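Quick note, the sequences are listed as chains S and R, same order. Under the working numbering, the final residue of the first sequence carries the number 111; numbering is consecutive throughout. Under the working numbering, the final residue of the second sequence carries the number 143; numbering is consecutive throughout.
Any given hint might turn out to be false.
With a straight-line Cα cutoff of 20 Å, these simulated SDA-like cross-link-like pairs (lysine to any residue) come out [stated by the list, open to error]:
hint : chain 1 : residue 1 : chain 2 : residue 2
1    : R       : K19       : R       : E95
2    : S       : K104      : R       : A22
3    : S       : K104      : R       : W33
4    : S       : K52       : S       : R72
5    : R       : K19       : S       : S110
6    : S       : K104      : R       : E18
7    : S       : K52       : S       : A26
8    : S       : K104      : R       : T69
9    : S       : K52       : S       : D38
10   : S       : K104      : R       : A32
11   : S       : K104      : R       : D59
12   : S       : K52       : S       : R42
13   : S       : K104      : R       : G100
14   : S       : K104      : R       : A97
15   : S       : K104      : R       : E91
16   : S       : K52       : S       : T64
17   : S       : K52       : S       : A23
18   : R       : K19       : S       : A102
19   : S       : K52       : S       : R74
20   : R       : K19       : R       : G72
Sample of chain S residues facing chain R (criterion: CB under 7 Å; computed from the structure) [claimed, not checked]:
hint : residue
21   : L100
22   : A102
23   : L107
Bear in mind the hints are in silico, worked out from the structure with no lab data behind them. If you're wondering where the values come from, they're calculated on a predicted model, not measured in any experiment. Note that CB positions come from ideal geometry on N, CA and C, so glycine has one too.
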Amino acid sequence: MPTDAEAIAEQVFVALADPTRRAILATLAAEGPATATDLAARLPITRQAIAKHLALLAEAGLLTAEPGERRRVRYRLRSAPMQVAQQFLAALARDWDSPLEALKNHLDRSA
Amino acid sequence: MAFPDRIERTMDFAAPPEKVWAALTTAEGLSAWFGQEAGIDLRPGGTAWMRWDHGHTADMRVERVEEPTVFGFTWHISGLPDEDPRRTYVEFTLEPAGAGTRLTVVESGFAQLSQDAYDKAYDGNTQGWASELGELAAYLDAA
Numbered sequence: 001m002p003t004d005a006e007a008i009a010e011q012v013f014v015a016l017a018d019p020t021r022r023a024i025l026a027t028l029a030a031e032g033p034a035t036a037t038d039l040a041a042r043l044p045i046t047r048q049a050i051a052k053h054l055a056l057l058a059e060a061g062l063l064t065a066e067p068g069e070r071r072r073v074r075y076r077l078r079s080a081p082m083q084v085a086q087q088f089l090a091a092l093a094r095d096w097d098s099p100l101e102a103l104k105n106h107l108d109r110s111a
Numbered sequence: 001m002a003f004p005d006r007i008e009r010t011m012d013f014a015a016p017p018e019k020v021w022a023a024l025t026t027a028e029g030l031s032a033w034f035g036q037e038a039g040i041d042l043r044p045g046g047t048a049w050m051r052w053d054h055g056h057t058a059d060m061r062v063e064r065v066e067e068p069t070v071f072g073f074t075w076h077i078s079g080l081p082d083e084d085p086r087r088t089y090v091e092f093t094l095e096p097a098g099a100g101t102r103l104t105v106v107e108s109g110f111a112q113l114s115q116d117a118y119d120k121a122y123d124g125n126t127q128g129w130a131s132e133l134g135e136l137a138a139y140l141d142a143a
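Excised from the complex, chain S in its bound form (with noise of 0.2 Å):
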């Protein structure tokens, strides 16, 4: 199973490294599910690119497709897969450093 969990936060990892899959993740984060018309539209990058990242994040699981207005497909951010790898950031995040020193302080203080 944590084989799995790396798998999924890789693909996560992988698509925040290009700016331009950050700024299609992002937008759709902040202002929800759109299609790649309206991404084109708020971007600076052309149809065709979007098209291409978003294919791509739809293959790696980050969005998925279904149908918007018009026979547009809509693309919306599935953030399961962003929680698998939140869990890997709050081991990196975590800090035990600090308390320990500040116990020893503490500690050394009330001796």
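Once you've looked at the hints, dock chain R against the given chain S.
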């Protein structure tokens, strides 16, 4: 191991185990070095909390109490949504070292993935806000 599942630190203190135990397991002790305010119901299943001046709060569930050698609790994984059930387990082990104490802290469970989280991450069955907003719309329409 690309990602750590557990974090482990060991530190020696001049204070005897009883003093270290009090610092870890009492509201007065915890608020002196860890949180700025703290409360604890020291028994397995009891709740404990810490609060910091910048507004952050940690809610813990006491899991192991073996005075003065083992104190364990679980808490929320920071960064995950509040409703996420995944928690890490923190265990402090105290051993006498001369007149002082050797303290080991292990926090584990960062790489855990429940079946539910696994299913959610892999299938496209998360409806998220679409269904919640749909339910809200239906509720408001019905009212």
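Against the structure, the hints:
1. K19/R / E95/R: holds, 12 Å
2. K104/S / A22/R: Judged against 20 Å, a Cα distance of about 13 Å means the pair holds.
3. K104/S / W33/R: The hint holds at about 9 Å.
4. K52/S / R72/S: Given that 20 Å is the threshold and the Cα spacing comes to 16 Å, the pair holds.
5. K19/R / S110/S: Between K19/R and S110/S the Cα gap is close to 9 Å, so the pair holds against 20 Å.
6. K104/S / E18/R: Since the Cα atoms of K104/S and E18/R sit roughly 14 Å apart, the hinted pair holds (cutoff 20 Å).
7. K52/S / A26/S: holds, 17 Å
8. K104/S / T69/R: Satisfied, since the Cα-Cα distance of roughly 18 Å is no more than 20 Å.
9. K52/S / D38/S: This hinted pair holds, its Cα atoms lying about 15 Å apart.
10. K104/S / A32/R: holds, 11 Å
11. K104/S / D59/R: violated, 23 Å
12. K52/S / R42/S: holds, 16 Å
13. K104/S / G100/R: Answer holds: K104/S to G100/R is near 12 Å, not above 20 Å.
14. K104/S / A97/R: holds, 15 Å
15. K104/S / E91/R: With a Cα-Cα distance of about 18 Å, the restraint between K104/S and E91/R holds, given a limit of 20 Å.
16. K52/S / T64/S: holds, 14 Å
17. K52/S / A23/S: holds, 14 Å
18. K19/R / A102/S: holds, 15 Å
19. K52/S / R74/S: Answer holds: K52/S to R74/S is near 14 Å, not above 20 Å.
20. K19/R / G72/R: holds, 17 Å
21. L100: Holds, because the Cβ-Cβ distance from L100/S to chain R comes to roughly 5 Å (cut-off 7 Å).
22. A102: holds, 4 Å
23. L107: holds, 4 Å
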